[in-house]
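Protein chains: 4
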Amino acid sequence: MQTQILEQMESNVRTYSRSFPIVFTEAKGARLTAEDGTQYIDFLAGAGTLNYGHNHPKIKQALVDYLAGDNIVHSLDMWTAAKRDYLETLENVILKPRGLDYKVQLPGPTGTNAVEAAIRLARVATGRHNIVSFTNGFHGVTMGALATTGNRKFREATGGIPLQGAAFMPFDGYMGKDVDTLDYFEKLLGDNSSGLDRPAAVIIETVQGEGGINPAGLDWLKRLEKICHDHDILLIVDDIQAGCGRTGKFFSFEHAGIKPDIVTNSKSLSGFGLPLSHVLMRPDLDKWKPGQYNGTFRGFNLAFVTAAAAMKQFWSDDTLERDVQRKGRIVEERFQKLATWLSNKGVPSSERGRGLMRGLDVGTGDNADKITGEAFKRGMIIETSGHDGQVVKCLCPLTISDEDLLGGLDILEDSVKHMFG
Amino acid sequence: MQTQILEQMESNVRTYSRSFPIVFTEAKGARLTAEDGTQYIDFLAGAGTLNYGHNHPKIKQALVDYLAGDNIVHSLDMWTAAKRDYLETLENVILKPRGLDYKVQLPGPTGTNAVEAAIRLARVATGRHNIVSFTNGFHGVTMGALATTGNRKFREATGGIPLQGAAFMPFDGYMGKDVDTLDYFEKLLGDNSSGLDRPAAVIIETVQGEGGINPAGLDWLKRLEKICHDHDILLIVDDIQAGCGRTGKFFSFEHAGIKPDIVTNSKSLSGFGLPLSHVLMRPDLDKWKPGQYNGTFRGFNLAFVTAAAAMKQFWSDDTLERDVQRKGRIVEERFQKLATWLSNKGVPSSERGRGLMRGLDVGTGDNADKITGEAFKRGMIIETSGHDGQVVKCLCPLTISDEDLLGGLDILEDSVKHMFG
Amino acid sequence: MQTQILEQMESNVRTYSRSFPIVFTEAKGARLTAEDGTQYIDFLAGAGTLNYGHNHPKIKQALVDYLAGDNIVHSLDMWTAAKRDYLETLENVILKPRGLDYKVQLPGPTGTNAVEAAIRLARVATGRHNIVSFTNGFHGVTMGALATTGNRKFREATGGIPLQGAAFMPFDGYMGKDVDTLDYFEKLLGDNSSGLDRPAAVIIETVQGEGGINPAGLDWLKRLEKICHDHDILLIVDDIQAGCGRTGKFFSFEHAGIKPDIVTNSKSLSGFGLPLSHVLMRPDLDKWKPGQYNGTFRGFNLAFVTAAAAMKQFWSDDTLERDVQRKGRIVEERFQKLATWLSNKGVPSSERGRGLMRGLDVGTGDNADKITGEAFKRGMIIETSGHDGQVVKCLCPLTISDEDLLGGLDILEDSVKHMFG
Amino acid sequence: MQTQILEQMESNVRTYSRSFPIVFTEAKGARLTAEDGTQYIDFLAGAGTLNYGHNHPKIKQALVDYLAGDNIVHSLDMWTAAKRDYLETLENVILKPRGLDYKVQLPGPTGTNAVEAAIRLARVATGRHNIVSFTNGFHGVTMGALATTGNRKFREATGGIPLQGAAFMPFDGYMGKDVDTLDYFEKLLGDNSSGLDRPAAVIIETVQGEGGINPAGLDWLKRLEKICHDHDILLIVDDIQAGCGRTGKFFSFEHAGIKPDIVTNSKSLSGFGLPLSHVLMRPDLDKWKPGQYNGTFRGFNLAFVTAAAAMKQFWSDDTLERDVQRKGRIVEERFQKLATWLSNKGVPSSERGRGLMRGLDVGTGDNADKITGEAFKRGMIIETSGHDGQVVKCLCPLTISDEDLLGGLDILEDSVKHMFG
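Residue numbers (the numbering used here), protein chains in the order written: chain A, 2 to 422; chain B, 2 to 422; chain C, 2 to 422; chain D, 2 to 422.
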């Protein structure tokens, strides 16, 4: 494989090509094919971007048809038929059935753009600047979003500018099983000299992705919603990684029965790997003046087309939801067994997650890298997350065949046993 | 046309659908078609995103072929054949022939992401935080980029957070014809108590787009480069709007014969309206650690495919360059005549620009809105820019047919004369 | 009493003259005399500024003699005999006997100036920006210091500028008796995605003054020192209110047997109510370049004179220390009784403090105001602190006579019983 | 002279003791006496703090009498007879005769505290954050004030925190004689994409002290006031160094006939070298809530006493004003001659200033240091200012005897001729 130009021209900042230093050419469903023809089972799936797998044929068809008709590809944020269909589908297939009433902002099509728009909206709507984020939270790396992202690697690469406008609270479980971390948050809120500026909003992933596949408890989330209401704080659920069905519901917060004031989606939103993001907001919060948050790629019509196709295909009934929950239990069980096996071998290990967003914590990043490195040799793409990279994470397509799911889990088990046996 | 769902569901933040409140469906070359079949000549072209027109058939074919082969659409920043072809084409078709030696960073595919990456890189590489920007500059709206953007509408929508890490200098001509604004910049640099923190970098558009189609003089740009070199400041050219041939050269800075340390491109980079951006950097500046600036859509393979096709199609020889310069002179001449006509009618007016990035300054935003509003009625999409929106701007596709170019200019002339006759 | 000019000309920002709206003229020891001749026992004593009482005769004599000799009053930070004597006395009477080796910075003579200098030094010495402060901490109100001060009243008066460069941790006991809050701090430090930027320094009051007379446990302080050492974080003790003998030792941190890297003193440092502050620093931390932190009143010679006199008078032996501890126990016992009495009356109440820095927590600011208001009517000056002003605080002169001490405590008891009996 | 303890214990940050490395003991009028009995003529005078000379006998008597009576030295910001007398004297002797109507805030007694209070008040009163400062301006070094101070030595010692909330404009004359720098400021204000956030206030020294003794033109100041009024921007005159008679009027802005919205005074305010500062504000701007800006040494009674004595002594008639103007002309003439002599010797030199705030610009800091170093050898204390320290500055007491004034000027002339002859 010719990789010289890639190694030479691409900035040192590149990452995933270091874990998987080969050139990929084709992909279908949960399978990636390298230039030399080797196939890999994909448990990374664009870090949650390919919930419906690579090149889903029906979604692709919609895209190809749209292109064939010389329909609008780009027209800034003008009205197009594709955008209208997207909004209608979102309303009818997703929001209405869930009793959700939101307006939609279409910022630049990346997650960090959506987060910047969401937190800025919260500030404009409340007149306050402080955004409360949580330990191990990840919300993007542009300067506004980065303030709410916990990771030091990114935070220290600002060239000495302290990030501003955010404060961190301990996520659910952060202080051990006996401490409800919301007690601390609530105490700070009620204390006029706590040092916590009155928040405009709380931003949270209900299951933290980059932070190590940490699911917040459902009661904890309910209490968080109540605290926000009681203190007139907006609740933003950043559902960029956990949304679009990953946890077994379209929105990850459905499990807890809460209704955030603002929601961000991206990653799998387009259903086909195309860049797309939106911000959902309670209608009365829409305090934007025309054009106050702009950008060239606000609303990407090709992504509207695939997103609408994906919503119609997968969310018109509960088939996918139930299937994700079923597969999630399979992964959970297998991860649980591996955790037990590892613990017996002296490697402290545990399993956690929700739906098909699951992690196997193996104690250290070194341990996790050994496992994922071995899995790659055996034909599998899987990555790690967590503050030390200590969690092997399963983000396989929701639509993965049982054969590939079990095949991947087998590879993972073999890799674990090979490295720690 | 059904617009109710659009009006109801989309946030107040929407902009262009206010100037052109109809639903568009198809597009080809320089023509946009609305749902009711009406055709419009497009002199906006995605604000510089569609330099090669809507749905260029050769570029589209490359995209459709790629999709048909189930090639990789999304794989984070892993290596793909599409990325390799993109980098090779960029190197061979664009950089090498121009004597440019750059490494390439692929951030999130929007312009503001590229600017955030560029200024952060400058900070990391120099250990300084201050980015010098210019009056009327526009570089995006995420918090890091926004600090370098002059527009108060955006700057005041931060919820009270003062933007940090940037200082503004007067752009070329800002203080009148008799003052070289770089004298002021150089004096501040040499003065230890000027209040100007030592800059990490200067960021500049060689022709300001949103700021009112203001071209910096070529000698002024050369002097700016020299000042940067003398003071060990990095020179970033933000070529997001002016690049990709808009001014008659692939990079807008080629006219001045300068070599920036860092360059940002986006908008027309993909050649087809797909989101894509990159940062070009002097190889020795590549101080990134792996993964220090990340994002889900770093490198969008479909856009790599269209971008490579566009580079091969349009930049393998100088046909397009010469054509842009020819058409630019046509627009210049017609705008000059309109400016004279308007001035004679008591509307102070002037023409400016470079290549096919041209503006007709009509004094006030109200005047400009009258003209573009009338032009829309007559079948033309054209917008304004400038601190008061006082500049009618021509950003038509570079590939526009002479018929459409002249047709558009005729509509514009009729609109001007109708409104001010 | 003529108060019209005072009410009319002084800004609304005035505070203590609202609690005690009379004009004072003379003072001696623990007694303040109003213009109408009424005497008050002073349990506020300049909020800890008059540890040796008003107008101590020996200190006054040193000051008057100095003035009589036309010695240097002001000479910026030039060397004077008064400064030399101050430094020698500090070294010989205070530092050496305690095994402390510090260099001395003399910033502007206010506490907030000293805190700004201390935290800036920590940043310069470490190259990091983050200062960890604690819930209910108070360290001054200029913008740099204010970032480390928890009180919202001040924090919200910045005109919308978010304070930067600081993060808050829970003070000892903040999360209840069962949680060692340093567990949380240590976890955040060891977690690369906790959101806590690597601190340059921790700044702490060993007994929080404005925050409600909250003493940190001595073991907790030792552990804090160890955590700082383990993580290469500087430990700053802000001893502005708790220092100069208030807790029964010259430095409040002596009780815990710790050695901070940086110490700030002010308030009672001059011994006579004159403005003076200094920053003590480990000699190797003195990374200042000449003149990097300046000001007109760096080192106030009259205050050097009184400070040296006070150190010689009160700190050459342990008489004062023992006396403060004895009196502290008296106050503790009386406050304990009042707390019990109040609790029995249904007013949840408790006592806390160290040495003669003691507080009676009466649950709410309203309760506390009732008590101090009644005490004022009965001839006593005493104030409140805490996040709701719920703590009646004893900051009487350390040199108070037993008669006045008991007299004051009697008034306080009468006031409590009058208001809640 | 024993200097070991001073060299050893005082932080590297010390400055003036480097220029004058001897120990001073006594002082009277314009004379400083070192420990070895050597006398020096003082043309520095506390950098403008000792406008009435060292140890003025009448002021000293007021202070000694006050101490003798056991009057109040410290009582936080309670009302005292001394404060009342201060406010009455300020009103009757200073404000009323000048037609000024101000309320008075007494912050911590240093200049930087006053500036922090002034700019924070401007922010609270306007709801905007941006403070416009000028090139070469100096307004203190605590973080809020530092943002408005131009000097890089201080600005770079923040540990990497970019200063926020301020923007710099070119001072009068900064762009040469042909450019009115207010044209630039006014253009930026009127331009919605200039990058200049709408200012809360402008802060200016009418004669810049540390920046190099730069007097703003009186018409320029009038125009600045008008621009502020037209744009609803508050005008803050920082009269800390130029006030209290230094320029020949009590307030330096009197020459221009303008009425600032906010004024800061400190340095010579106490008249005796005691720390004192106040903020004067238009009564309707007093939007402070009680206690929103606090501090231990707000209002220092001993300084009230000396300040009131000084106002009564020197400002009850125009004797001092006329004398300062007379002496100023003497210094001006002598400096002018030296400038001519130096220029003839090939050292580009010029004279500037207002009243007894005068500078001799000798081109470089090295030149200036040679002159002041030689002057020190010959028995004179004089310092430099300016961005390179290139200005020898005369800040002698306003009350200096003609003998000492001429003696000092003779030493200076001899020093210049010795070094450059």
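Heads up, some of the hints might be wrong.
Repeated chains share a single entry, so a pair holds when one copy, or any two copies, can fit it.
[Stated by the list, open to error] Quick list of in silico lysine to any residue cross-link-like pairs, SDA-like style, CA-CA up to 25 Å: (1) Lys-371 to Trp-316; (2) Lys-29 to Gln-62; (3) Lys-378 to Leu-407; (4) Lys-260 to Asp-179; (5) Lys-223 to Asp-370; (6) Lys-188 to Gly-174.
Simulated from the structure, these hints should not be mistaken for laboratory data.
What you are looking at is a predicted structure, and each value in this text was computed from that prediction instead of being measured.
Okay, the hints, checked on the actual structure:
no. : hint               : result
1   : Lys-371 to Trp-316 : neither (38 Å within a copy, 46 Å between copies)
2   : Lys-29 to Gln-62   : both (14 Å within a copy, 21 Å between copies)
3   : Lys-378 to Leu-407 : within (17 Å within a copy, 61 Å between copies)
4   : Lys-260 to Asp-179 : neither (27 Å within a copy, 34 Å between copies)
5   : Lys-223 to Asp-370 : neither (36 Å within a copy, 38 Å between copies)
6   : Lys-188 to Gly-174 : both (17 Å within a copy, 12 Å between copies)
When held up to the earlier numbered hints, the structure conflicts with 1, 4, 5 and fits the remainder.
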